[in-house]
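Peer 1: Could you build the full structure based on these sequences and the hints that come with them?
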Amino acid sequence: MRPSRLRACLLASCAAACAALTAAAPVLQREGARPAAQPPLVTPPAAPPAATLPAPGPGETDDSAALPTPSGAAQQLYAAARGDLLQIRMLLRNGRSQSTVGSGFLIGTGNLVLTNYHVVSQMALDPAVYIGEYVDTDGKGGPVELMAVDVLHDLAVLRVDRTGTGFFRMPDHPVRLTQGQYLYALGNPLDLGFAISEGAYNGVITRSFYEQLMFTGPINSGMSGGPSVTAAGMVAGINVSKRRDGESVSFLVPVHYAQDLLARVAQQAHPPKNFNPLIAQQLLAHQRAMIDRLLAEPLTIKSMGPYRVPVRESQQLRCWGRSNFRAEAEYTVDAVSCAMEAAIYVSDTQQTGHVSMTHQYLRSASLHPLQFAALASSRFRVDRTGRIDTARDTRLTRPACSEQFVHTATLPLRAVTCVRAYRKFAGLYNFTLLTASTDDARASLQSRLDLAGVSYDNGTRATRAFLSALGRSAPP
Amino acid sequence: MNGPWFVEILARSGEVLQRLRVEALPIRIGRGYGNDVILDDDYAAAAHAVAELDADGRLVLRDLGSRNGISYRGRRHAVLALSGDTVARIGHSALRIRPADYPVAPELRDRTLHRWEGTLPGAAGVLLVGAASLFARWLSDIQAMELVRYVEALAWGVGAALLWSGAWAFANRLFGRHARLGRHLFVVGCGLLALSLTALLASVLAYAFSREAFTHYASHAATLLLAGVIYFHLCTIRPPHRIRYRWICAAMALLGSGLILVGNVQRSGRFSDELYMWVLLPPALRVSPDQGIDQFMREVDGMQAGLDRGRGRRPGDDEIED
Chain A
6 MRPSRLRACL
16 LASCAAACAA
26 LTAAAPVLQR
36 EGARPAAQPP
46 LVTPPAAPPA
56 ATLPAPGPGE
66 TDDSAALPTP
76 SGAAQQLYAA
86 ARGDLLQIRM
96 LLRNGRSQST
106 VGSGFLIGTG
116 NLVLTNYHVV
126 SQMALDPAVY
136 IGEYVDTDGK
146 GGPVELMAVD
156 VLHDLAVLRV
166 DRTGTGFFRM
176 PDHPVRLTQG
186 QYLYALGNPL
196 DLGFAISEGA
206 YNGVITRSFY
216 EQLMFTGPIN
226 SGMSGGPSVT
236 AAGMVAGINV
246 SKRRDGESVS
256 FLVPVHYAQD
266 LLARVAQQAH
276 PPKNFNPLIA
286 QQLLAHQRAM
296 IDRLLAEPLT
306 IKSMGPYRVP
316 VRESQQLRCW
326 GRSNFRAEAE
336 YTVDAVSCAM
346 EAAIYVSDTQ
356 QTGHVSMTHQ
366 YLRSASLHPL
376 QFAALASSRF
386 RVDRTGRIDT
396 ARDTRLTRPA
406 CSEQFVHTAT
416 LPLRAVTCVR
426 AYRKFAGLYN
436 FTLLTASTDD
446 ARASLQSRLD
456 LAGVSYDNGT
466 RATRAFLSAL
476 GRSAPP
Chain B
2 MNGPWFVEIL
12 ARSGEVLQRL
22 RVEALPIRIG
32 RGYGNDVILD
42 DDYAAAAHAV
52 AELDADGRLV
62 LRDLGSRNGI
72 SYRGRRHAVL
82 ALSGDTVARI
92 GHSALRIRPA
102 DYPVAPELRD
112 RTLHRWEGTL
122 PGAAGVLLVG
132 AASLFARWLS
142 DIQAMELVRY
152 VEALAWGVGA
162 ALLWSGAWAF
172 ANRLFGRHAR
182 LGRHLFVVGC
192 GLLALSLTAL
202 LASVLAYAFS
212 REAFTHYASH
222 AATLLLAGVI
232 YFHLCTIRPP
242 HRIRYRWICA
252 AMALLGSGLI
262 LVGNVQRSGR
272 FSDELYMWVL
282 LPPALRVSPD
292 QGIDQFMREV
302 DGMQAGLDRG
312 RGRRPGDDEI
322 ED
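Read top to bottom, the protein sequences are chains A and B. Residue numbers 6 to 481, in this note's numbering, belong to the letters of the first sequence in order. Residue numbers 2 to 323, in this note's numbering, belong to the letters of the second sequence in order.
Treat the hints with caution; some may be incorrect.
Unchecked claim - Simulated restraints on C-beta separations:
(1) B:299 / A:167: 55 to 63 Å
(2) B:313 / A:415: 48 to 56 Å
(3) B:300 / A:327: 28 to 36 Å
(4) A:211 / B:300: 33 to 41 Å
(5) A:293 / B:153: 54 to 62 Å
Simulated from the structure, these hints should not be mistaken for lab results. Quick reminder that beta carbons are idealized off the backbone N, C-alpha and C, glycines included.
Peer 2: Right under this line is the structure:
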């Protein structure tokens, strides 16, 4: 059995950007699996209002301003929902010891269960090693069969050997939610037992590449894949992640993505045998959208001293600046890092579909050119920070690198591109471009572009666009 | 063959431990005090052997009925004919007997610079080491000037050089006659200078002419230089064995380079020391022309086929790149 571990920071794949921005970068945690290890959140649910108001009748929408007593509603909800709530476990085929645990729920009166992809990722990627099983609130269990996965929105559909009571209904058209409305998240936090937690809906998040709902309530490890419902029992979203640096800031997958996936399951005759090509297809579709959006318009050009550097600042790609200002140092370095705040979770140790770019403007008036060259060289050697050649990462091939002295329209520079291919997903690669300007003996612009999980064409397209956009305003 | 005779007791290496002059034959050898040559050897009999002329006038060593006898080339002899080069073993002692008219080899040509010994080369070596450590410190100094950091660098550099050459001087005293610390210090100084200059030169050549191989395989030049330093240390200890040491050091360099290559392949799947050349130098040193972006991207496109081949292989079975 693998040791307990926290779900990784969603930005773990952008080591350089993370390293550069440790203070500023947000930390997202997937709410899957792993009980334990993590200090439980202690934030209690919001204090219930005093007045008792009638619960709204069952309906398509739940936008009435009058709210019921939350605790009472929670009690009723849990009592009604418990029959359809499941814990989903991943087990090692050998020894049947559990590897990860999450939650899921039965849809309507059928035998289909909705959960997160990251709860069942081991089963999808390595069916020879892992199998899944469910346990219901009465402690009864049974096998699960993986029907479909949606890696991009982090959803999966399972089939089980029992049927639902019909409590969790998927709305036919999107649920209209109002900000501040109570939602109830259900699941099995930290493998301690089934639980319900109360929180407020706080709008649609556009920071992540695919929209997510912000839920201001406690969601813990093990609750992912569980439903978040309105007081009327309408499913609003599926618990997926939380911010580790925040207080009760959690995220839900909007229910309409789940509806799309269920529609796909309804059409397929039998479940796919091998999910790896399907996951590869989904990742390819993601990178197509991601790079198209990145390059839809020319990259924004920012000035760093005399240099012109390309960045892209958008809802998904956030930029942060940093400087080394210290009195005793003989040089100055200003850095700008832009990175996507979300990545696609593929497995415990692999996240992809991510873009980050970093620029460092290094200069010194007092260092001798040779001393400055030594400093610039040590910075250009990325072994210590963002290793390209990550020690024995067997999911990727060894890097192949091209290195040349290149002249863009206005700037001579040293360019290095290293590419690694994904072993399991044909057509996907990680690209890293490193450049260092070679025009000034006392200043150096060092840039880095990381593209995780892109096709070769898109990788070279984005690399070329980034490289061509590097320049300087006027000769020294 | 006439007297006087010289009985030489030898170490295993052939070195003479003890040389005794005996005026006339026969020479009695054994542990007892009545012998001409007294062996302090528990395995030798009190009266072990006697060296005398036989009927044909040849010098022979005759066993006097000892328990362990006389051995020569692994076999026991009751009577052993001795030439000047026959090394007989009595108990645990090896000895040979030479007459006074034994012909010796001509003297070696003295190539040693006897004035370049002691303080002078020692000071030069320390100076070189000190200069190299100060230069290295200066090159990587990115903070405001503080003398203490330079003093520390000097102390570490010279200290390490003294330790290294001290060990060689110790070996020199053990196997040669003199310590020759000055000479060893000089060898270290020159070696360090050569290592620094080679590294610098490799960087400059690689950067100026876009010849990345110079830095990709820089460790092999360093290995060769290190073997060279060891060669000069060894020659200082035993100058006559120059040729032998040359071969030993060449073999060591080859072994070192081989180990580096194997290690690189094991660690990263490449023969080169680094994934890419990370040396950046002042722009004034660039000589060869820069490439266009199209050319660079063509090279990037060319890598796809190899990567796709690698995808199908098991981890660790990737193609080895150079």
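Peer 1: Against this structure, judge whether each hint is valid.
Peer 2: Each hint, compared with the structure:
1. B:299 / A:167: 55 to 63 Å: For residue 167 of chain A against residue 299 of chain B, whose Cβ atoms are near 59 Å apart, the range 55 to 63 Å holds.
2. B:313 / A:415: 48 to 56 Å: violated, 42 Å
3. B:300 / A:327: 28 to 36 Å: holds, 33 Å
4. A:211 / B:300: 33 to 41 Å: Since the Cβ atoms of residue 211 of chain A and residue 300 of chain B sit about 38 Å apart, the hinted range of 33 to 41 Å holds.
5. A:293 / B:153: 54 to 62 Å: holds, 56 Å
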